[in-house]
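> In case you want the letters, here they are:
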Amino acid sequence: MNAILTLVLAGVAIGLGYGVYAKSIDRKIIQPDNSRTTPARMYMDGVDFTPANRNVLFGYQFKSIAALGPIVGPIVAVRYGWLPALLWILLGTFFIGWVQDYSSIIVGVREEGQTFGALSYRLISPRARGILLVFIYCYLWLIMGAFGKIVGYDLMSKPSVPLGVILVILLGLLAGQMTYKWKQDIILTTVVTVVGAFIGIWLGTLQGVQNLFSGINTALGDPGYKIFWSVVTLVICYFGAVLPIWRWAQPINYVAFWIVFLGILGGVIGLIVWHPSYPAEFPAFTNWDGDICAATTCPEGVTLGALGPLWPILFVTIACGAISGWHSLVSSSGTARQLEREGDALFVGGGAMFLEMFLAVLSLLAAVVGAGSLAQYAEWGGKAGVFSNGLAVFLSHIGVPESFGRPYGAVFLTLMALTIMYLVVRFMRVASAEFLGDRIPVIRNIHVGSLIALILSGILIWTGFWTRIWVLFGGSNQLMASLALLIITLWLASKGKNYWWSFIPFIFMFLTTIAALARTGYKSFEAVDFADVSGAIGNIIAGVLAVVLIICAFILAVDGIRAIIRVTRKEEAGAPAGK
Amino acid sequence: MAERASKGKLRSLLDSVKSVLYGMAGHDMARFALKTRGSMEHLFILITMGDLLGIPILPPYYSLRLLPYVVPQISTWKRRMLRERDLTDALA
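Protein chains in written order, with the working numbering: chain W, 10 to 588; chain Y, 5 to 96.
Careful, some of the hints might be misleading.
What follows is a set of in silico ranges between Cβ atoms, one per label pair, in the way DEER data are often shown [said to hold, decoys possible]:
id: 1; chain 1: W; residue 1: V537; chain 2: Y; residue 2: I78; range: 57 to 67 Å
id: 2; chain 1: Y; residue 1: Y65; chain 2: W; residue 2: E121; range: 30 to 40 Å
id: 3; chain 1: W; residue 1: D447; chain 2: Y; residue 2: P76; range: 35 to 45 Å
Listed next, the in silico EDC-like pairs over lysine to aspartate or glutamate satisfying Cα-Cα at most 20 Å (straight line) [as the list claims (entries may be wrong)]:
id: 4; chain 1: Y; residue 1: K22; chain 2: W; residue 2: E349
id: 5; chain 1: W; residue 1: K506; chain 2: W; residue 2: E120
id: 6; chain 1: Y; residue 1: K39; chain 2: W; residue 2: E349
id: 7; chain 1: W; residue 1: K532; chain 2: W; residue 2: D300
id: 8; chain 1: Y; residue 1: K22; chain 2: W; residue 2: D194
id: 9; chain 1: Y; residue 1: K82; chain 2: W; residue 2: E121
So these bits of chain Y aren't anywhere near chain W, every CB distance computed over 10 Å [unchecked claim]:
id: 10; residue: R15
id: 11; residue: L50
id: 12; residue: T52
id: 13; residue: L71
In short, the hints are calculated from the structure, not lab data. It should be emphasised that the depicted structure is a prediction, and the values quoted were computed from it without experimental measurement. Glycine is no exception: its CB is placed at the ideal position from the N, C-alpha and C atoms.
With the hints as extra help, turn the sequences into a complete structure.
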């Protein structure tokens, strides 16, 4: 099969999913009314509630939901073969992904811009909000562990990458200075900093520079150099968390956006120009355990290990790109408060989700046709390295040399991860101040709060087994999605609308992710070996996190289902449902 | 006529692409600038008009002198100050 055919297939899924299924739900069940005042117009304060054009909001929504998840998930999941991964991306988005994103916006809009925390308090139970916040904290911690390990251990430790990343950060700071202090034109700022960033990435490929970073890595030894680069990553996150947003996070994100955007654009064009067929050496299906080294001869020293049974692990390995709980938080807290007309919700929420599906398919192709064989995939490390190398192959077909494309792909991924990570640390800091600030006032200090978040992240990065952290991260993400679907179902039931189109996805996602978390928790506890202290700590943390997430999810689900029964009974009895 | 229509369509398409790109690259920055300004203004109203929320901060004489300048924002300010918030608000 030709790779272009996959893109066509994705296009057909978008046409049917968005054009037929989503539009029919939108028209028949939600029935948006453009004359109804949205919270953005009703409460316009120029701060939280501000109406925005639907195209602008579409771009905002897409950028907010698409991070490292839709890229790394498919790359890891192709260990089952490309067919299961592709099917889950297409079907997951078709039946579940857009449902959650779109409905979260609609619920937010119809409920006066309330966040999911407030909605869970009102619709599920008073304790639901507290549990949801514990849940979110664990989820954020796992994001730091999963992303931090990729950046510190896989990407920054490559000698051609650190200089590019450091220069992009410095140019981001320059962009902030030019925009906010020197009041320079944004086009001039963009040209100077983005061109500078590309030069910086190119400088990183020079042999002298690579020798310098190789020397550092050799001097520190393995795993010393990986720990060193993960510490550097955490230091970057520290600055991102404590400095004003305009000074650090925002301008760096701005420069990083162009690097990422141009990379994706170049990758798509390169793939279309190349239009390769699926390689015979990369089978559609490997085995039920995702054990790539059982399906091919892995290079010496490469230990990828089995992922676990296809159900449930595949469905949590690919989270973003099929369905992700993060989207519900962004949709309800951010987008719903900016929606100008109800009729824009499908285009913004559903459209951005289908576009993210397209990104996930592109990532899958980077792994399959980019690598060309299972053996090559294994040699590239089976994670982030596969994408950077695959992207380099795509870019080589539009004349970008692979010697530049590889570090470019790695810097691209590093920036994608970092832009999320320092916001996560910021968020963890706020969360710890909220949880413990009254009892331990020192935690309210931004430096103390950030350091606590970074130390917790560091422990997970240094001791955790990455595949398990990724599955836990995916599991917590999917559980968040299933809880969002529960809130949506409850809201639909309270309004007397058909709720099966969100309730069935909730049941599927809930059972699948609970199974995945339970399995991962069990495997983590089983792997505890006190002869290896570091590994034992990592496994215990992973196991405890899995147990905490499962308990929280069960309490929320029980309360939620009770609330659904309560609401539907009220409705059958003829009492007004809703509040 | 048809040429003008197709030019109009092309222009509208380009405008849409421009808006999407702005949404991805710059909308967050613009929102943050607005938020910063809004927060500063609301802080100012709090220290001058705190009485309205039961927080007596400035002698009423000065509040009355400033009142005409603050009136247009009082309703949004009160709503923002008194709105229920939680951790998920930090994401917005």
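> All hints, please: hold or fail.
Tested hints:
no. : hint                         : verdict
1   : V537(W) / I78(Y): 57 to 67 Å : holds (60 Å)
2   : Y65(Y) / E121(W): 30 to 40 Å : holds (37 Å)
3   : D447(W) / P76(Y): 35 to 45 Å : holds (36 Å)
4   : K22(Y) / E349(W)             : holds (18 Å)
5   : K506(W) / E120(W)            : holds (15 Å)
6   : K39(Y) / E349(W)             : holds (18 Å)
7   : K532(W) / D300(W)            : holds (16 Å)
8   : K22(Y) / D194(W)             : holds (17 Å)
9   : K82(Y) / E121(W)             : holds (16 Å)
10  : R15                          : holds (14 Å)
11  : L50                          : holds (14 Å)
12  : T52                          : holds (18 Å)
13  : L71                          : holds (19 Å)
Hint compliance for this structure: no hint is broken.
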